[in-house]
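Just so you know, the sequences run in chain order S and P.
Mapping to numbering that gives the first Met the number 0: the first sequence position 64 is 63, numbers consecutive.
Mapping to numbering that gives the first Met the number 0: the second sequence position 573 is 572, numbers consecutive.
Hints are computed from structural coordinates only; laboratory data are not their basis.
A virtual CB, placed ideally from N, CA and C, is assigned to each residue, including glycine.
Wrong hints could be hidden among the right ones.
Unchecked claim - Computed list of chain P residues with no C-beta within reach of chain S, every gap over 12 Å:
#1 250
#2 434
#3 623
#4 719
#5 737
#6 870
#7 876
Claimed, not checked - Covered stretches of chain S (in silico footprint by chain P; criterion: 3 or more residues with CB under 8 Å from a CB of chain P, positions within the stretch not fixed):
#8 23-31
#9 48-62
#10 72-83
#11 87-94
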Amino acid sequence: MIINHPTLGPRDAAEFVHLGDATLMNRPDWQAEDAVEQFHEYLYQRDNPAGDYRELWYHEQGDRSWLVVTRNTLTHEITDVQMARDVAMQQAKSS
Amino acid sequence: MTDNYRLPESGKVDRSKPLNFSFNGKDMVGYAGDTLASALLANGTRLVARSFKYHRPRGIFTAGSEEPNAMVQLRSGDHTEPNTRATVAELFDGLTATSQNHRGPLNFDLMAVNDLLSPFLSAGFYYKTFMWPRAFWEKVYEPIIRSAAGLGKLSGNEDPDQYDKGFLHCDLLIAGAGPAGLSAALSAARAGARVILAEEDAIIGGRLNAETHEIAGDSADVWAETARAELAAMPNVRIMTRTTVVGAFDHGIYSAVERKTDHLATSAGKPRQVLWRIYTKRAIVAGGATERAVAFKNNDRPGIMLAGSVRAYANRFGVATGDAVSILTNNDTGWDTARDLVAAGVNLAAIIDTRDMAPLHSFAGTSIIMGAAVADTNGRLALSSIKLTNGQTIKTDCLAVSGGWSPNVHLTCHQRGRPTWRDDIAGFVPGGELPVGQSVAGAANGDLSLGAALNSGHKLGNALAKELGLTPTKSQAAKAADEPSSISAFWHVAGEGRAWVDLQNDVTVKDIKQSQAEGFRSVEHLKRYTTMGMATDQGKTSNVLGLAIMAEATGKTIPETGTTIFRPPYTPVAMGTLGGRARGKDYAPTRLTTSHEWGAKNGASFTEVGNWMRAEWYAKQGEAGWRDSVDREVIATRKSVGICDVTTLGKIDIQGRDAAAFLNLVYSNPFLKVPVGRVRYGLMLREDGICYDDGTTARLAENHFVMTTTTANAVLVYRRLEFVRQCLCPNMDVHLISTTDAWAQFAVAGPNSRALLSKIVDDVDMSNEGFPFMACANVTVCGGTPARLFRISFSGELAYEVAVPARYGDSMIKALMEAGQEFDATPYGTEALSVMRIEKGHVVGNELNGTTTALNLGMGGMVSVKKDSIGSTLAKRELMIADDVVRLVGIRPVDKSMKLDAGAHFLERGADTTMDNDQGWVTSVAYSPTFGHHIGLGFVIRGHERHGDIIRAWDGVRGKDIEVEIVSPHMYDPEGGIQRG
C-alpha cells in the first residue's frame with residue numbers, strides 16, 4: 000500500500016505502523032458519571048465497516064507523525080490522509 | 000541412446016554449444032538454449048517423476064511454468080533444490096538432476112502400492128481414515144503420513160546461496176513479452192513512458208518462440224528480435240528476462256522474482272534470485288494463455304502431453320517427443336501441432352478430433368478420426384498405445400492433447416477480480432474489479448489469435464500512454480494473420496476407471512463426482528475437499544477442466560458453477576528469496592553499546608535484549624561456570640562497588656511548558672510536583688488499566704524531563720507518547736525525542752559508589768545532604784566532560800547512574816574502572832543485576848507481563864484517583880481491585896538446599912493439584928549469594944496478608960513439588976536504609 004503523507008508525499012506502507020480505529024482519538028472525560036462505561040466503549044467497541052474506515056497510522060520510519068487515513072476496507076483505496084494532530088486540534092476547537 | 004530424438008534442422012538451440020548433464024546419474028548431452036525437459040526428451044527419457052499420491056509413473060507434460068508432473072531435484076549437496084520444474088530449468092554444462100518422490104529406483108517405486116490402494120485414497124480420505132483408534136494418530140498414522148508426504152527433499156543444511164531484494168519504479172509494467180506485451184511496450188515506450196517489460200522466459204517472444212507464425216511478412220521470431228532491439232535501445236525501457244511477475248498488490252505495487260544465476264553452474268558470489276517490488280502507475284497483464292487437457296482413462300502416462308507443448312518442443316527445441324505421435328483435440332490448434340510436426344519430419348500416427356465435422360487437413364500416412372476421443376491408454380512406464388471410443392487401437396508413444404486454451408487471468412485475480420466465462424473460446428477471461436491501474440492484453444484477455452494479440456497490445460500501450468499524459472506516436476500495430484480458432488468444448492470421456500484432472504495432486508474425475516455426491520458442490524468446497532488446484536502449479540492446466548466436470552455433475556452451466564480465484568504467487572517462490580538478506584544474524588540490526596568492546600575484552604558474555612547485545616556476566620579465569628561469575632559480581636557489588644552498563648534502557652527527552660502535565664497524563668502516579676533536580680519512579684498503565692512499563696523520570700529543569708523506559712519497550716513507549724501528544728493533547732506545548740542512542744549510561748552501585756564517583760564527578764557535593772537519594776543533575780566528569788548524574792538504585796545499594804554522550808562510553812567505563820581500582824570495582828552483567836533486583840523485590844517483564852495490575856504488583860497506591868491518566872479509569876473496574884486478586888510476594892524454600900523454578904504454581908499443602916486449588920505462580924527465581932539459598936518472586940492470592948505461611952510450589956513440567964515460605968517481596972533491606980544512606 001502507498002500512503003500519501005500530507006507533507007512527505009507518497010510513502011510505502013512499510014514505513015508505517017498501524018494502530019486502528021481513529022475513534023481512539025476521542026478519549027472520554029474521566030470525570031463523567033459513567034466514565035467507566037464510556038471508557039469501555041472507547042477501548043473495546045469498534046465498528047467494522049465494509050467501506051470507508053478512518054484509522055490511525057504512525058510514520059515510525061519517517062517523521063513520527065500520526066496520521067488519520069481514510070481507507071476503503073473493500074478496495075484498500077485511500078481517499079483521505081490528514082495529520083492526526085490537525086484533526087485533534089479541529090476536534091478540540093469544535094467541542 | 001543419446002540425443003537421438005533431436006530433429007535434424009528445426010529449433011533454436013545452439014548446436015555449436017553442446018552441454019553435458021546427468022539425470023539420475025546417467026550422463027546425457029543437450030545444447031545451449033535447451034531446458035532440462037527438452038534435453039531429457041531429446042535423449043528419449045520419458046519417465047521423469049512419480050505422482051504425489053498414487054506414485055504413478057509420470058513424464059513431461061508441458062513446456063512451461065505450468066508443468067504439473069516433471070518436478071525434479073536439481074543440483075546436489077547444499078545447493079540442492081527440490082521440486083524444480085524441468086520445463087523451466089535452463090540447461091547448463093554440468094547440471095545434475097534426480098527424480099524425486101519414490102522409494103527404490105524410479106522405474107520400480109515401492110510406494111506405487113498406493114496406486115493399488117487407490118479405492119481407499121480418494122477425495123477426502125484424510126478426513127475419513129486414520130480416525131481410530133485415537134491413540135494411533137501420534138505413534139502410527141502421523142509418522143507414516145509424514146514420511147510419505149512431500150515431493151523433493153531439502154539438504155537440511157543452510158542454503159549457501161545469497162538472495163536479494165530490490166525496488167523499481169515505472170510508468171508502465173508489462174508482465175509478459177509475447178506478441179501482446181511486446182507491441183504494448185513498443186507503443187507505450189515510443190510515446191515516452193518509462194516501461195518495465197518483465198518476461199518469465201530467458202528469451203523474448205513468448206509463444207512466438209513455440210510457433211511458426213509470420214508477422215509483417217517475416218518469421219515471427221525475427222519480428223520479436225527487432226522489437227527487442229528497438230526497446231533495448233530506448234533509455235526509458237528496462238527489459239527483464241527470467242523475471243516472473245508473481246503478485247499484484249495494492250495501489251499499483253507488483254512483486255517479481257528475477258532468476259539471476261539459476262541458469263549458471265554457480266552463482267559466483269552474486270545473488271541467485273532477486274525479489275523486486277515494482278511501483279507502477281499502470282500495468283498490463285500480457286501473460287498469454289495456458290493449454291489444458293482432456294480427461295480420459297489412464298490419461299497420465301508418460302508420453303501424454305499438451306499439444307501446444309509438443310509443438311513447442313519441435314519448433315523451439317528441435318525435439319521429437321515420440322517416434323509415432325498422435326493428437327487428440329477439440330479445437331483447431333491441435334491441427335497446428337499436426338502441421339508443424341509433419342513439417343519438422345516427425346512421424347504422425349493419428350489425429351483424433353472430438354468434433355464431428357470434416358477434417359481440417361489431410362496428411363499422408365496419418366489416420367484422421369473425427370467425432371471420436373481416446374477411451375483408454377496402455378504402457379506401464381510410458382505410453383505404448385491408445386484405444387479410441389470407436390474401439391480402434393492405435394500404436395503410439397506420444398499423445399498430444401489439446402482441450403483448449405485458458406487465458407492466464409491469475410494476476411487479475413490477486414485482489415477482487417472474478418473471471419467471467421466466454422463460451423466462444425470455452426475459457427474464463429478477466430472480469431470483476433481488476434487491481435487499480437491494471438489492464439489486460441492479448442491471449443490473457445481472450446484474444447487468442449496472433450493478429451488480435453498484436454492489435455490489443457498496441458492499442459492498450461497507446462491508450463495508457465495517453466492516460467499518463469503522454470502523446471502516442473502514429474505507429475501501427477504489426478500485421479499478422481488473424482484466424483479465429485474454433486473450439487467445441489469437450490471435457491472428459493465417460494467410462495470406468497480413473498481419468499486424471501489435476502495431475503500434480505492426483506485428482507480424478509471420480510474424486511470430483513464423489514465431492515459432488517457428498518455435498519461439497521461449491522467450487523471453493525470442491526477445491527478444498529479434493530485438493531484440486533492446490534498443488535504448486537495452482538492447477539494451471541486443470542482447474543477449468545475440473546470446474547466443467549463439476550458443472551456437468553450438478554447439472555449447472557460453467558458460469559453458474561463459477562471459478563475459484565488465484566492468490567499470489569503466480570509461480571512458487573523460494574523462502575530464501577522472500578527472506579533476501581534478512582536471515583541469520585542479518586535478520587535484524589545488532590545494536591552495540593559504546594562500551595561493548597571494553598566488555599568483550601574483559602570476559603563479557605553477551606545476550607540479546609531486543610536488538611541490543613548486553614553483557615550477561617564477566618567471567619574471570621578459574622571460574623567454573625556462569626554461576627561463579629554472577630555470585631562474585633553480586634557479592635562484590637554489595638560489599639564494595641559494582642559497575643553495570645545500562646545504556647540500553649530507553650531514554651526519551653521531554654521538553655516544553657506542558658512537559659510536567661504531559662507526564663502526569665502518561666504516568667499513573669503524580670508528576671506535577673516533582674522538584675527540579677529530582678527523579679521519580681513512574682508507573683505506566685495501558686488504557687485498560689493493566690501495567691505497561693515502568694522507569695525513572697528525572698526533572699533536569701522546569702520544562703525539561705528525561706524519561707527512562709525498559710530496554711524492551713523503548714520503541715513502543717515512544718510511539719505511545721507520540722500518540723498521546725499528537726492525538727490526545729494536541730494543544731500541549733510538549734516535544735519528544737528519543738535519546739536512547741545519544742547517551743552511554745552506567746550504574747555504579749555499592750557502599751563505595753560515592754567514594755568512587757567523587758573521584759570522577761567534577762565539583763559536586765556528593766554528601767547525602769548535597770546529593771540525596773533520587774537526586775539528579777547536569778554535571779561534568781573527568782575535568783569537563785558533560786554528563787548527567789542520577790542517584791537511583793535498582794540493586795538496593797547506595798547507587799548512582801552516570802550518563803555521558805555516547806561517544807565517551809568507552810572512555811567512561813575505563814575511567815570508572817581505573818578510579819575504582821582501590822575499591823576492587825567489579826563490572827557486573829544482566830544476571831547479577833537480575834539477582835539483586837529479585838533480592839530487592841523490583842519487578843521486570845516477568846512480573847509486568849501484560850496481565851498484571853498495579854494492585855497485583857503491590858503498587859495499588861501508585862494509581863492516583865485524583866487525576867486523569869492513561870488507564871486510571873478502567874483500573875477501577877470491580878474485578879481488578881477485588882480483595883482476592885493475586886499479590887506480589889517473595890518466596891524461599893523451606894529446605895534451603897532446594898532450587899526454585901519459575902513457572903511453578905502455588906498450592907496449599909495437602910491440596911489436590913487442580914486448577915480450582917491454584918493459588919498463583921512463581922515469576923522469577925535466582926540463587927541469592929547474599930542469603931546463601933534460592934529465592935523467588937511470585938503472585939499469590941491475598942499474598943500480602945500471608946507473609947510467613949508455608950505453601951507448595953508445584954511444577955508439573957519438571958515434576959517437582961517443594962514447600963516454600965511466603966515472605967515480603969522486599970527481601971533485601973526492606974526499609975531501604977541502605978539505598979538512602
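Evaluation of the provided hints:
1. At roughly 4 Å from the closest C-beta of chain S, the C-beta of residue 250/P falls inside 12 Å, breaking its exclusion from the interface.
2. Not every Cβ of chain S is farther than 12 Å from the Cβ of residue 434/P; the closest lies at roughly 10 Å, contradicting the non-interface assignment.
3. The beta carbon of residue 623/P sits about 46 Å from the closest Cβ of chain S, which is more than 12 Å, so the claim that it is off the interface holds.
4. Not every CB of chain S lies more than 12 Å from the CB of residue 719/P, the least distance being 10 Å, so the non-interface label is violated.
5. The beta carbon of residue 737/P is not kept farther than 12 Å from every beta carbon of chain S, the shortest such distance being approximately 9 Å.
6. Under the 12 Å C-beta cut-off, the non-interface status given to residue 870/P relative to chain S is violated; the minimum distance is some 9 Å.
7. Residue-level check failed: residue 876/P sits 6 Å from the nearest beta carbon of chain S, not beyond 12 Å.
8. With 6 residues carrying a beta carbon less than 8 Å from a beta carbon of chain P, the stretch 23-31 of chain S meets the three-residue requirement, and the given coverage holds.
9. Against chain P, the stretch 48-62 of chain S contributes 3 residues with a C-beta closer than 8 Å to a partner C-beta. That satisfies the three-residue criterion, and the hint holds.
10. Look at the stretch 72-83 of chain S against chain P: 7 of its residues bring a Cβ nearer than 8 Å to a Cβ of that chain, three or more, so the hint holds.
11. For the stretch 87-94 of chain S, the proposed coverage by chain P is satisfied: 3 residues have a C-beta within less than 8 Å of a C-beta in that chain, meeting the threshold of three.
Violation of the numbered hints given earlier is confined to hints 1, 2, 4, 5, 6 and 7; the remaining hints are satisfied by the structure.
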